[in-house]
Structures are given as C-alpha cells and as structure tokens.
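Peer 1: Below are the chains, spelled out letter by letter.
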Amino acid sequence: QSALTQPASVSGSPGQSITISCTGTSSDVGGFNFVSWYQQHPGKVPKLMIYDVINRPSGVSNRFSGSKSGNTASLTISGLQAEDEADYYCSSYTNSSTRYVFGIGTKVTVL
Amino acid sequence: QVQLVESGGGLVKPGGSLRLSCAASGFTFSDYYMSWIRQAPGKGLEWVSYISKTGSRIYYADSVKGRFTISRDNAKSSLYLQMNSLRTEDTAAYYCARDSSTWYFDYWGQGIPVTVSS
Numbered sequence: 056q057s058a059l060t061q062p063a064s065v066s067g068s069p070g071q072s073i074t075i076s077c078t079g080t081s082s083d084v085g086g087f088n089f090v091s092w093y094q095q096h097p098g099k100v101p102k103l104m105i106y107d108v109i110n111r112p113s114g115v116s117n118r119f120s121g122s123k124s125g126n127t128a129s130l131t132i133s134g135l136q137a138e139d140e141a142d143y144y145c146s147s148y149t150n151s152s153t154r155y156v157f158g159i160g161t162k163v164t165v166l
Numbered sequence: 056q057v058q059l060v061e062s063g064g065g066l067v068k069p070g071g072s073l074r075l076s077c078a079a080s081g082f083t084f085s086d087y088y089m090s091w092i093r094q095a096p097g098k099g100l101e102w103v104s105y106i107s108k109t110g111s112r113i114y115y116a117d118s119v120k121g122r123f124t125i126s127r128d129n130a131k132s133s134l135y136l137q138m139n140s141l142r143t144e145d146t147a148a149y150y151c152a153r154d155s156s157t158w159y160f161d162y163w164g165q166g167i168p169v170t171v172s173s
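Chains as they are written, first to last, in this note's numbering: chain A, 56 to 166; chain B, 56 to 173.
Just so you know, not all the hints are guaranteed correct.
As the list claims (entries may be wrong) - Simulated DEER-style distance windows between Cβ atoms:
(1) A:Asn117 - B:Gln137: 37 to 47 Å
(2) B:Asp161 - A:Glu140: 21 to 31 Å
(3) B:Gly99 - A:Val115: 30 to 40 Å
Source of the hints: derived by calculation from the structure; they are not laboratory data.
For each residue, glycine too, the CB sits at the ideal point set by N, CA and C.
Given these sequences and hints, build the entire structure.
Peer 2: So this is what it looks like as structure tokens:
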C-alpha cells in the first residue's frame, strides 16, 4: 500500500487561503468518504482537524474545511494565521489488507 | 478527559524484542477500536496496526506483518504492541490512538520513543 500523495510544502501570507491536496486511488480516497486530516506542530502530538472528508471536530476553527473530488481530497485553510504553520497529514481508509494509509505530509509555511 | 499513556519504549538491539503498553482512561475502553501509529525521526506518520473492540479483527501494515502483534485487555483498559525481530528502520516514536467507527483517530497518546541500534 503506497502512501497518499501530498505536496511537500505549501506557503501563504497571513489572511490568505491555501489548499493542500491528497491524492490516492479508487481503493482508498476515491472509494470511501473516510478521509481525515491531522495537524502536527514540531515536537507535538498530531491533532485531528477534519474527519469523514468534510467534518470538523468540536473546537477546531471553521477556517479549516475539507472536500473531495474523485481520488483527490483537499484541506483548505482560510484566513491563514501564524499558528497554522505546521505539518499536515491526510489519512484514508483503504480496502486493501492494511485498512489505513497516511499521506506523506505537507509543511505549511506562513510567510 | 480522555488520556492515553504509552510505556515500554527504549533502546534495543537489532533482532531484539520490546513490548509497548498504552493505558487508557476517561472513556469506556471496550467501546472503541484502537491503533498504533509511528513516526520515524524527521519523517511522516505511518499507521502500524489496528484492533477491533473485542480483538476479533486485527490489521497490520505490511512493514510489520509477521513481526508485531497487537492485543488489548479491556478489563485493564490497556492496549499492547509486542514487537519482535526489530530492525533499525523500526526506530520511531510510537503513538497509541483511539480509533473512531469511521476510520479516523480522535485522541492520541504523547508517544513513546523506540530506538533500534547496535
């Protein structure tokens, strides 16, 4: 099971919007609405930001939103803030024998 | 509040074994699926293993299949990962995570380092 494809880095200025893509196959991202996104600051534990493609857990800012089209899921951060600078990982259920696959991760830089 | 606390990590030689534990509190452990996830130094997240509520369904990443064994004790609210035939590439921080019914991780432990080196 190969890792999901994400851009290595994405950057934006404060207040701007950025989008991180997460590309898989019909066996994972494209086949199920079980995509989640995690934020990880350096040295910290990953934090759930989006689940089931579009849902935000309680306490997560509504500046974070998720979507999916075909085999590609996306995380959009609007009104970019300095505190959003972190690594972001997507994850998906897969119908392979392994059941889970993560993306390679995207480093978000706030200019 | 939900708490997941890993223990049992450390330094081990290649070919050696280690058993990780994860003590859960703040929720009814037997009502949840659980997973282990790892992160090598400076690298991304890698899902390692999953266990269903009763332990009847178990899945492993191809990279650990046949070497690692996940288990749970619902009476003790504890999750385990027995790691055998360890390799240098198993060096990572290992996280215990609570698994939702729709395949995402809503709570994570603080992580425990495992170093495989001679």
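Peer 1: Against the range 37 to 47 Å, how does the distance between the Cβ atoms of Asn117 (chain A) and Gln137 (chain B) compare: consistent or not?
Peer 2: Given about 42 Å between the Cβ atoms, the range holds.
Peer 1: Can you tell me whether the CB distance of Asp161 (chain B) to Glu140 (chain A) sits inside 21 to 31 Å?
Peer 2: The hint (21 to 31 Å, Cβ to Cβ) holds, given that Asp161 (chain B) and Glu140 (chain A) are roughly 23 Å apart.
Peer 1: Starting from the hint 30 to 40 Å, judge whether the C-beta atoms of Gly99 (chain B) and Val115 (chain A) obey it.
Peer 2: Since the Cβ atoms of Gly99 (chain B) and Val115 (chain A) sit about 21 Å apart, the hinted range of 30 to 40 Å is violated.
The structure is inconsistent with hint 3 alone, although it conforms to all the rest.
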